[in-house]
Structures are given as C-alpha cells and as structure tokens.
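Residue numbers (the numbering used here), protein chains in the order written: chain A, 0 to 159; chain B, 0 to 159; chain C, 0 to 159; chain D, 0 to 159.
Treat the hints loosely; a few may be bogus.
No distinction is drawn between identical chains; accordingly, a pair holds when it is met within one copy or between any pair of copies.
What the hints assert, rightly or not - Using 20 Å as the maximum straight-line C-alpha spacing, the simulated EDC-like pairs for lysine to aspartate or glutamate come out as follows:
| no. | residue 1 | residue 2 |
| --- | --- | --- |
| 1 | LYS24 | GLU52 |
| 2 | LYS24 | ASP130 |
| 3 | LYS102 | ASP152 |
| 4 | LYS102 | ASP85 |
| 5 | LYS24 | ASP12 |
| 6 | LYS102 | ASP14 |
| 7 | LYS102 | ASP12 |
| 8 | LYS24 | GLU134 |
| 9 | LYS24 | GLU104 |
Please keep in mind that the hints were generated in silico from the structure rather than gathered at the bench.
Number of protein chains: 4
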Amino acid sequence: MTSLAEQTIPTPDPDYAGKVRESFKRQAFMGHLGAELTAVGPGTCEIRIPYREALTQQHGFFHGGCIGALADVTAGYAGYTTAPADATLLTVEYKISMVAPGKGEALVGRGRVIRAGRTIVTIAADIFAVDGVVETLCATALQTIMIRHGRPDSRSADRA
Amino acid sequence: MTSLAEQTIPTPDPDYAGKVRESFKRQAFMGHLGAELTAVGPGTCEIRIPYREALTQQHGFFHGGCIGALADVTAGYAGYTTAPADATLLTVEYKISMVAPGKGEALVGRGRVIRAGRTIVTIAADIFAVDGVVETLCATALQTIMIRHGRPDSRSADRA
Amino acid sequence: MTSLAEQTIPTPDPDYAGKVRESFKRQAFMGHLGAELTAVGPGTCEIRIPYREALTQQHGFFHGGCIGALADVTAGYAGYTTAPADATLLTVEYKISMVAPGKGEALVGRGRVIRAGRTIVTIAADIFAVDGVVETLCATALQTIMIRHGRPDSRSADRA
Amino acid sequence: MTSLAEQTIPTPDPDYAGKVRESFKRQAFMGHLGAELTAVGPGTCEIRIPYREALTQQHGFFHGGCIGALADVTAGYAGYTTAPADATLLTVEYKISMVAPGKGEALVGRGRVIRAGRTIVTIAADIFAVDGVVETLCATALQTIMIRHGRPDSRSADRA
Numbered sequence: 000m001t002s003l004a005e006q007t008i009p010t011p012d013p014d015y016a017g018k019v020r021e022s023f024k025r026q027a028f029m030g031h032l033g034a035e036l037t038a039v040g041p042g043t044c045e046i047r048i049p050y051r052e053a054l055t056q057q058h059g060f061f062h063g064g065c066i067g068a069l070a071d072v073t074a075g076y077a078g079y080t081t082a083p084a085d086a087t088l089l090t091v092e093y094k095i096s097m098v099a100p101g102k103g104e105a106l107v108g109r110g111r112v113i114r115a116g117r118t119i120v121t122i123a124a125d126i127f128a129v130d131g132v133v134e135t136l137c138a139t140a141l142q143t144i145m146i147r148h149g150r151p152d153s154r155s156a157d158r159a
Numbered sequence: 000m001t002s003l004a005e006q007t008i009p010t011p012d013p014d015y016a017g018k019v020r021e022s023f024k025r026q027a028f029m030g031h032l033g034a035e036l037t038a039v040g041p042g043t044c045e046i047r048i049p050y051r052e053a054l055t056q057q058h059g060f061f062h063g064g065c066i067g068a069l070a071d072v073t074a075g076y077a078g079y080t081t082a083p084a085d086a087t088l089l090t091v092e093y094k095i096s097m098v099a100p101g102k103g104e105a106l107v108g109r110g111r112v113i114r115a116g117r118t119i120v121t122i123a124a125d126i127f128a129v130d131g132v133v134e135t136l137c138a139t140a141l142q143t144i145m146i147r148h149g150r151p152d153s154r155s156a157d158r159a
Numbered sequence: 000m001t002s003l004a005e006q007t008i009p010t011p012d013p014d015y016a017g018k019v020r021e022s023f024k025r026q027a028f029m030g031h032l033g034a035e036l037t038a039v040g041p042g043t044c045e046i047r048i049p050y051r052e053a054l055t056q057q058h059g060f061f062h063g064g065c066i067g068a069l070a071d072v073t074a075g076y077a078g079y080t081t082a083p084a085d086a087t088l089l090t091v092e093y094k095i096s097m098v099a100p101g102k103g104e105a106l107v108g109r110g111r112v113i114r115a116g117r118t119i120v121t122i123a124a125d126i127f128a129v130d131g132v133v134e135t136l137c138a139t140a141l142q143t144i145m146i147r148h149g150r151p152d153s154r155s156a157d158r159a
Numbered sequence: 000m001t002s003l004a005e006q007t008i009p010t011p012d013p014d015y016a017g018k019v020r021e022s023f024k025r026q027a028f029m030g031h032l033g034a035e036l037t038a039v040g041p042g043t044c045e046i047r048i049p050y051r052e053a054l055t056q057q058h059g060f061f062h063g064g065c066i067g068a069l070a071d072v073t074a075g076y077a078g079y080t081t082a083p084a085d086a087t088l089l090t091v092e093y094k095i096s097m098v099a100p101g102k103g104e105a106l107v108g109r110g111r112v113i114r115a116g117r118t119i120v121t122i123a124a125d126i127f128a129v130d131g132v133v134e135t136l137c138a139t140a141l142q143t144i145m146i147r148h149g150r151p152d153s154r155s156a157d158r159a
C-alpha cells in the first residue's frame, strides 16, 4: 500500500539501530538458530538464518517453528526501533500464515511497522526462502508488541 | 467447554501414536530445541522442553520464538492424530497470544483438537512454564492444519 | 484447562456488570444485529443474537461477519469487566477460526478472560449455533484488548 | 512487497467478476450493512460501506464488528476470484489488527491474494476510514479460505 510506505515512522531514540543490535546480541536463542541481523531502519528490520540440518522438519526443509521464530523477532525488532531509549518491549501476540515450504539455502525475514502507537505497535513481517537470487515468500505474519516505558531492555521484565 | 471435552475425536489410524512418535523423531529441529514428546492421545499431544541457556531471550527466560515453536508442533501433532495412515500434514497458520514470561525449569505444551474435518483441522494449544509442581500459563494458541491424503509423512511434500 | 477456571479474575469496579450493560446499550451496531446481553460475570460475558434473514450469507446461515462481530464484542465485554470504573477499552486485535456453519435459531457467544493485565487483557470467546437445546460450536476466537485508564467509556477516544 | 505484486494470480473462471457479484448479492447481511461491491480484479476486491448511525460503537465511530465483517468479505471475495466456476468457498479463519478508529464518511476494504493454492488461499485485506479524499488505515487482516470444488456457490454447504 503506498499510503503505508509514505507514512513517517518515528524513532525517538537516535541510536535505535545500536539498541536493536545490542538487544539482538543478548538473545542466546538467536545464536542457537544461527540468526544474523542484516539490516535495521526506521520501523524496519531484516534478519537472516542460513540453512542447517538442525533447523529442519521431517522433509528436510526449514521447520515451521523456525520460520515462526524468525517472524517473531523480525517483527519485534522492527517495532522496537520506534521505542524511546529507556524502554523494553513485550510481544503481545502474533499470527503467521504459511504459504510455501521453507526450502532453500537461507530464510530472510523482513519486518515493517504498520502503526506505531506510544504503547501498542502493530508490525507486519514476511519470511522468504532464498535460493541463489530467487526469494520465495514462505510465510507472512502480523504482530502486536507493547512498549514498556522506563524499563531498559537489559533489565528483567514481567508482563504488563 | 464441556461440550468440547465430550466430543469424540476420530483417529482413523489405529497406530496414530506411533505415527506421531515417528514423525516427531524425524524433525531435527525438535532435537535442536531438546523437545521431548511426553504424551499422545486421540486429538491431544503434550511436548516438553527443558530449560537451557541456548533457548533464552535477553532476560534469561525462554525466548518467545521457542514458545511459538512449541505451540506450533504441539498443536500440529494433536491434529495429526486425526489423520489416516497415508496422510501428511501442513501447518496452514497459527496465532499465539503471550500472557506471561517463559520463566521456569521447563516449558510444557498441550494441544487439543477443537474440530477435526477431513481436510482442515482446528487445534488449540496452551503453553505452560513449569516451576516444580507449579504450572503457569505463558501462551495460548489457535492453529489450522491441512491433512494431505495419499501423501505419507516421510515423503517430501509441497504446499497444497 | 482447570488451571484457568481456578484463577481469580479481578473486577476493580464493583459495578462492572452495570458498566458493561451501559456500554453495550450505547453501541448502535448491537441493536442493528439484534444482539442481547444475556450474562456478565467476573471476566465473563454472554451475548445472544436471534436468527434473522438480514444476518445471513448466501446459504441462509448466519454470516461469518456476524459471527465475527459477536466474537469481538463478547470477548471485549468479558475483558471490560476487569477494568476500573474510569477506563474505556480498545480492541487491539482478534483472531477467529470458523469450525461449523452458523446454522440455527440463534448464535450465542461466551467470552472468558485468559489473562487480565493492567493494560493488556487476553480473552477467549466461543460462538455456538443454537438449535433448541443443542449448541454446536461454530467459531472460536482469541482477542487482545487495551485498557485505557482515566478515559471514561462515554467519551470519545482515539487509538493509544 | 514488489515480489507479491508481480506474481500472476490465476482466475480459472473467466467470469470470476460476475461470480463474485452474484454471490455478493445473495448475502443478505451485506445489504444490512449497506455494503457496495466497488471493484473486482484477479485476486483483488474492493468493498465500501457508507457511514450510518446503525453501524456505530459507543463513540459514534464505525463499530469494530463492522470493520471485521468488511475485512472478512473483502478478503473472502478477493480469494474467491481464484476459484473455478463450480466451486464455493468457506472462511477457515482470519485475524484482524485494529490500528485507528473507524472515523469517517465510509469504510473501504481492499483485499489481495497472497497465495492461491488449489484448496487453501491466503489473503490480506486493509480497511481504510475515508474522509473526503483522505484514507486512513484503520485495520489490517490476514485470512485463510478453503475452495470447495464441485460445490456451486448457490447450493447449501457444510464445513469440510
């Protein structure tokens, strides 16, 4: 939708990209999946997971749970770019539709903020299976996160 | 809902539990998460993931992506118990609401079929964080799977 | 899940039922659907829509859009019982799975709070098609609402 | 995503637009909402609902249930364009995120097919609140429908 692309996504923290990078590094599960943060922008985020046998389902393709986890973090960090410096985020919920098998040398997730509220942020994420230069959409997701003000990301946080 | 508990969930494959066990073993990603299949019944499934540092987010709790993956497989295998012997399944979509942090010595996922159609099966799954004998609900999910008849689970399968 | 039924749902507004009744009355769309508020409890709500030709799809059953609207308000008002007196609510999102046609003399929706946070409330709702004393589950939904403190329900409200 | 826009959406029924128009007319609930089918294309659909007091919530804006119903039918008919002549459709599920109040002289829903399978079709829909020439995104949805082959839309149909 052009109207979405044209909206200005606010990034109150000038170092929003550094903040995302730091938080990403602290997530041990991202290392366990071999995930790499490849791009961060205002309201956007891209994360890549190279293929490994350990990430597969019974047919040798990327497991749906791995695709879902990638959608979760890609959307979450896209949303996190809109938070102020002293805030952490909570995933409230997400929904993911699988549209093709995760068959390829890598998965790439791309998230973009749909609407950035002060407390509630809505984000879309598309997950592509990559085979050389060809990217095939394998899943699309919609996520809701909650921004928790005054709670730095490095501190422990309970649910609001 | 009592009306749900009372409905009879069909299991046309007499060895539905063996089928689920075999399929689960073939999913390398389940091994990577350290997941254990702890129970299978007609339209139900229970899977457990013991705590490991490798599965955490920045606050040291189970990562939401790990919680989501557990919901995905728990619901999927609960639904798979309703499939005939010569069928495989595809996850069509799921939605998950996070309601508490994944804080504990293990996650336990429990799936139960809501409605078993010939082609489309709807399943609910609850994910609990376990601390000793206390289980705290940390997420609840609704999933849709598609049964693909005449496609054994061990063969490669594309999306319908 | 017994563990859910056993939890105590907080209702900080002693007149939570009156508040729901008043808000329901102000929704012209509920009158347009012929919806009746039949029960309200702590974290629960029941709403009924008698059959009318005007509410049908091409096969003469209740339209999915009507079923979805019932899920939306039933879950929303179940969640609203957990809000303090000076708060209004916003629907953040919901997901609904359709499991049987809406075929009968009425639809009945029943919502129950899954988790009541101060700001975010997660609610489940089941929609049944009623034929005499027989109730058939026709849809199940999961909803997220946001409680807006200090914003009475009768005032106009923008999105948080 | 440009990759989505570029894909060719199949419309095996040459009269897909006529089929959608006929089906839309048979839905009494669409008349009850005052909905108008304003455009149909391969994998796309646009439906408009002019403002009426009868469609509002307690703040005088379009009710969320009306917004949800519009998302449901807009996505459903976008998906229905991909079905052969002798097929009807069933809504399997949808998820909708509300991002702004439904405040304006009309709602416009626009659906577009994300992936058209033989049996399962995934569709996205955006709902805009219209005020003069300004359109504001008020909700975004993802839907799954099932194509039932050999079941004309005008006949009664149970759930697969």
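Quiz item: From the Cα coordinates, with 20 Å as the cut-off, is the pair LYS102 and ASP14 best called within, between, both, or neither?
Solution: neither (35 Å within a copy, 30 Å between copies)
Self-check item: Within, between, both or neither, where LYS24 and ASP12 count as close if Cα-Cα is 20 Å or less
Solution: Close inside one copy (18 Å), not across copies (43 Å); limit 20 Å.
Self-check item: Within, between, both or neither, where LYS102 and ASP12 count as close if Cα-Cα is 20 Å or less
Solution: neither (37 Å within a copy, 29 Å between copies)
Quiz item: Within a copy, between copies, both or neither: where do LYS24 and GLU104 come within 20 Å Cα-Cα?
Solution: neither (23 Å within a copy, 23 Å between copies)
Quiz item: At most 20 Å between C-alpha atoms: does LYS102 with ASP85 qualify within a copy, between copies, both, or neither?
Solution: neither (39 Å within a copy, 23 Å between copies)
Quiz item: Can you tell me if LYS24 and GLU52 fall within 20 Å by alpha carbon in one copy, between copies, both or neither?
Solution: Classified as between: cross-chain Cα gap 14 Å, same-chain 23 Å, threshold 20 Å.
Quiz item: Is it within a copy, between copies, both, or neither that the alpha carbon of LYS24 lies no farther than 20 Å from that of ASP130?
Solution: neither (27 Å within a copy, 27 Å between copies)
Quiz prompt | Status of GLU134 relative to LYS24 across identical chains (alpha carbons, at most 20 Å) | solution = Neither, since 26 Å and 30 Å both go past 20 Å.
Quiz item: Between copies, within a copy, both or neither: which fits LYS102 and ASP152 at Cα up to 20 Å?
Solution: Cα proximity of LYS102 and ASP152: across copies only (17 Å, versus 34 Å in one copy).
Going down the numbered hints, you'll see the structure goes against 2, 4, 6, 7, 8 and 9, while the others check out.
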